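Visitor: This is what each chain is made of:
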Amino acid sequence: MTVLNADSTARPIRKKGKALPDRVLAWFLIAPAVIFLGVIVAWPLVETVRLSFTDARLGGEHWVGFENYTDLIGDRKFHATIVRTFVWMFASVGLKLVLGLIGAVLLNAAVPGRALFRMLVLPPWVIPIAIGMIGWLWLYNGHFGIIAAGLQYLGIIDGPFEFLAYKRSAFISAIVADVWVGTPMITLFLLAAMQGVSRDLYEAAWVDGASRWYRFRRITIPQIMPVLVSMALLSAIWTFNSFEVIWILTEGGPRHATTTLIVDTYKTAIGNFKFGEGAARAVIIVILLAVFSSIYLFLLNKVNKKYRIK
Amino acid sequence: MINRYTLLQKIGIYIAICFFLLFMLLPFLEMFMASLRPLKHLFRSPYQFWSDNFSFDAYRNMWTTVPLLGRYIANSFFIAASVTLITMAFVIPAAYAYARLDFPFKSASLAGFLAVNMFTGAVLLIPLYRVLRQLGLLNTYWAIIVPGVAFLIPMGIWLLRSYLEKIPIELEEAAFVDGASRIYTLRRVVLPLAMPGLIVVATSIFIGAYAQQFLFAITFNQERAYQPLPAGLFEFIGYQSVAWNEMMAAALVGVLPVMVVFLFLQKFLVAGLTAGAVKK
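So the sequence lines, in the order shown, correspond to chains Y and H.
Residue numbers 1 to 310, in my numbering, belong to the letters of the first sequence in order.
Residue numbers 311 to 590, in my numbering, belong to the letters of the second sequence in order.
The shape of chain Y in the complex, shown without the other chains:
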């Protein structure tokens, strides 16, 4: 109770008039945030939906109904972009979660020096993504980068190899860089969750002779599950919309090999000034993400019921 001055607790403070009821006060407290997001997020969202029914460009706009959408539905390139975006998301998030879990276990191990190791995971997370990508651009350089050099040394490739110049290798390279950006945060949150698990559980299991692997599987994993699943969803949404990594490494190329929905939207709307067509893509992103999140949460609910979590 050291925070309260002796003074202010001893002397009752006079109630002035009638205090606001909680329900009114609550709205006063959240109103600034609601209004701000209303102007900067909700209103632009409504505008995006409206624009998606027009052929808005720099010059002007006309109502075109569902034309932008029907164009996209018939566009095979766009189908490929959607599939590519989901492949990108599942591959990248999967790797981030696996690496994050491995990282958290390693950094949670009681070995000397772990305080230092925990510090050294931070850098990719705390620096601007764009700056990290400049580093990766240099790493991926086919002639002068260390990765091409290493693979040549190991005899996996013979001669220089431009990672970002070929469709498949560019896609994989972008995923690796995206995993690099996203892994530290997941590692740190999972580590925090692991440290929150009660020691009693481990000790009880240890007394009963449970092996380390068994304790990990039957205590650690179930205990950190709530954090793991919410991180997975958040990470999936961020990865789906990951823009800077792809934009700086490849700008969506070569030949659209790394063009995900968000890159396609940006190129259409900002690059080619086709605001209406860009807006239709943006709306489709929101719909896809909403559907994906609902399915995810629905399945999660089922799993939770099965394991009787909360």
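I should point out that these hints are in silico values taken from the structure, not numbers from a laboratory.
Please read all numbers here as calculations on a predicted model, not as lab measurements.
Please note: incorrect hints may appear among the correct ones.
Listed below are the simulated DSS-like cross-link pairs for lysine-lysine, each with C-alpha atoms no more than 30 Å apart in a straight line [claimed, not checked]:
{"hint": "1", "chain 1": "Y", "residue 1": "K305", "chain 2": "H", "residue 2": "K416"}
{"hint": "2", "chain 1": "Y", "residue 1": "K305", "chain 2": "H", "residue 2": "K577"}
{"hint": "3", "chain 1": "H", "residue 1": "K476", "chain 2": "Y", "residue 2": "K302"}
{"hint": "4", "chain 1": "H", "residue 1": "K416", "chain 2": "Y", "residue 2": "K306"}
{"hint": "5", "chain 1": "Y", "residue 1": "K302", "chain 2": "H", "residue 2": "K416"}
{"hint": "6", "chain 1": "Y", "residue 1": "K77", "chain 2": "Y", "residue 2": "K274"}
On the provided structure of chain Y, position chain H as indicated by the hints.
Guide: For chain H alone, coordinates are given in the frame of chain Y:
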């Protein structure tokens, strides 16, 4: 004891940690090595890890190649710090309301906040551009700060709410018994107790604001004097050649101060996440 490892296990753990950290730090290592090489040694094939004439020349020359570099570094800080302060001003009252008060549409409005995560800036760029133009904010610091704040408020509310929920309600009730108002209690009882949580949330917001300036900067701001470091760095890419060594040097110098701060805050950050953000 329970946490004792055999020698072999220890070696295995260290090797695995080394691989993990190698992946995390390789770009920085290579950026540093590149920054030390003279430009023509940089373009040398086959690759040599060790050059014979390393020098810190790039760290001197970069300030003349891109004269505004110092300004860009300062801008990045200024923008991230402003975003953090403004976001916290929105987040603190709202998080308190969600943690302690009951009101109509409580869970609906909270879900609404979280849904904002789904349309990160890039989805809303076109109308956002128009809104900012109407408000007269294009090509100012505000063009980067305002959208930054908007997309960090939901995360801030979410993190701080779960932290505030952990503060024992009895302390507030004691203050009410003495006749203190809600606002007074928030200011004098809750916030001092929530200080570690506030720092964790503010740090997370700062990281977000610092890491994600690029998109808003290149889209909403054409004024070079207001550009943050991630956008300014691309000035090292010239018409004829790219001054890779100076670009790497500038990148490292630019992020160094913020890295040092986070290395010191790191212990605090992990502890705070455990206490606040992670529910039972």
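Visitor: For a C-alpha distance cap of 30 Å, please report whether K476(H) and K302(Y) respect it.
Guide: Distance ~28 Å between K476(H) and K302(Y) Cα, so the pair holds.
Visitor: K416(H) and K306(Y) were given as a pair; does the straight-line alpha-carbon distance stay at or below 30 Å?
Guide: Holds, because 28 Å separates the two Cα atoms, which is no more than 30 Å.
Visitor: Taken at face value, is the distance from the CA of K577(H) to the CA of K305(Y) at most 30 Å?
Guide: Violated, at about 35 Å.
Visitor: Please work out if K77(Y) and K274(Y) have their alpha carbons no farther apart than 30 Å.
Guide: This hinted pair holds, its Cα atoms lying about 17 Å apart.
Visitor: Could you grab the alpha-carbon distance between K302(Y) and K416(H) and see if it respects the 30 Å cut-off?
Guide: The hint holds at about 24 Å.
Visitor: Taking only the CA atoms, is the gap from K305(Y) to K416(H) under or equal to 30 Å?
Guide: 24 Å, holds
Checked against the numbered hints given earlier, this structure breaks only hint 2.
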